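The opening position of the sequence shown corresponds to residue 1 in this note's numbering, with each subsequent residue numbered one higher.
Just so you know, these hints were derived from the structure itself, not from any lab. Computed from a prediction, not measured in an experiment: that's the story for all the values here. One or more hints might be untrue.
Each computed EDC-like pair below joins lysine to aspartate or glutamate, with the alpha-carbon atoms no more than 16 Å apart [to be verified]:
1) LYS219 - ASP187
2) LYS45 - GLU27
3) LYS45 - ASP25
4) LYS123 - ASP187
5) LYS227 - ASP160
6) LYS156 - ASP187
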Amino acid sequence: MPELPEVETVVRGLAKHILGQTIKDVEVLNKKSFQGGPSTSSGNKKLRGLKIKSVSRRGKGIIINLSRNTSLLVHLKMTGQLIYIPTPLRHKGYGGLRRLNLGHPTQDFVNKMPSRHSRVVLKLSRGTLYFNDQRLFGWIRVLPTKELKNDPFLSKLGPDALKISTAHLWAVTKRRPQNPIKAILLDQSVITGLGNIYTDEVLFEAGIRPTRKGKTITKKDVEKLIKAIKKILTKGIKYSGTSIVNYKTPEGSPGQMQNYLKVYSRAGLPCRKCKTSITKTRVANRGTHHCPKCQQ
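With the hints as constraints, model all of the structure from the sequences given.
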């Protein structure tokens with residue numbers, strides 16, 4: 001599942017190509033993937049003629065704000081992707097017709113659209129945006145903009161990882177004295193946007209062992225964690241995310257952050273700081289990488 005840097009990269013790429021466009025029509029190919037209210041047809045009618053005003057994110061969720069107090073909330077989950085195909089010759093700066101991949105690349109990136117994995121098709125004034133999802137975990141939800149804060153998904157999220165405060169994280173560690181610090185950081189109700197890759201990297205940067213329980217985390221540890229979170233995520237955004245398995249940037253290139261990872265996916269390799277072998281264990285039911293010497 002993409003984490004904050006990957007979703008931020010998708011949002012920036014999407015905004016560059018669809019802002020200001022008008023939704024001409026909506027084709028729902030799978031009702032499960034399109035949550036438009038009482039029925040998919042009502043959601044379909046709500047969108048026709050609406051203009052795209054902004055594209056942003058909340059944690060791992062993508063928010064597309066439209067005119068007339070309407071928004072689209074998109075979650076790619078495990079295998080979701082957005083493919084944007086400009087109308088021929090509309091985007092001369094991109095060499096005419098070009099496919100822009102957003103999220104999880106598959107063979108659909110080069111296949112004719114819609115494909116057998118296409119679930120929702122948004123026909124825009126200057127191109128077409130396809131929501132594809134192999135495993136049907138992802139979704140597009142239509143709702144009033146003013147109701148975003150009450151959405152079942154968004155309302156359960158904690159502070160954004162780039163905006164989290166020392167006071168908030170300190171308080172959570174004290175409320176969860178028996179929880180491993182990695183489990184605390186992965187909990188989206190505590191802090192939203194961190195996943196397995198960046199949590200391992202953050203803990204390494206802060207010099208904190210993933211299994212440390214909340215009750216052992218000091219105020220100084222929390223300050224180091226906050227600093228590490230902002231540093232690692234900012235770096236991830238700078239390098240357009242991490243391509244370990246199947247993530248690519250909107251322009252179809254792999255993210256580059258994997259070239260700068262210090263512990264994740266490096267089990268058995270020497271630590272970049274002390275040369276001790278990186279260890280892989282399981283913490284919070286997730287594969288976890290750390291340096292037994294650098295992280296205490």
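Let me make sure I understand: some of the numbered hints might not hold for this structure. Which ones are they, in numerical order? 1 and 4
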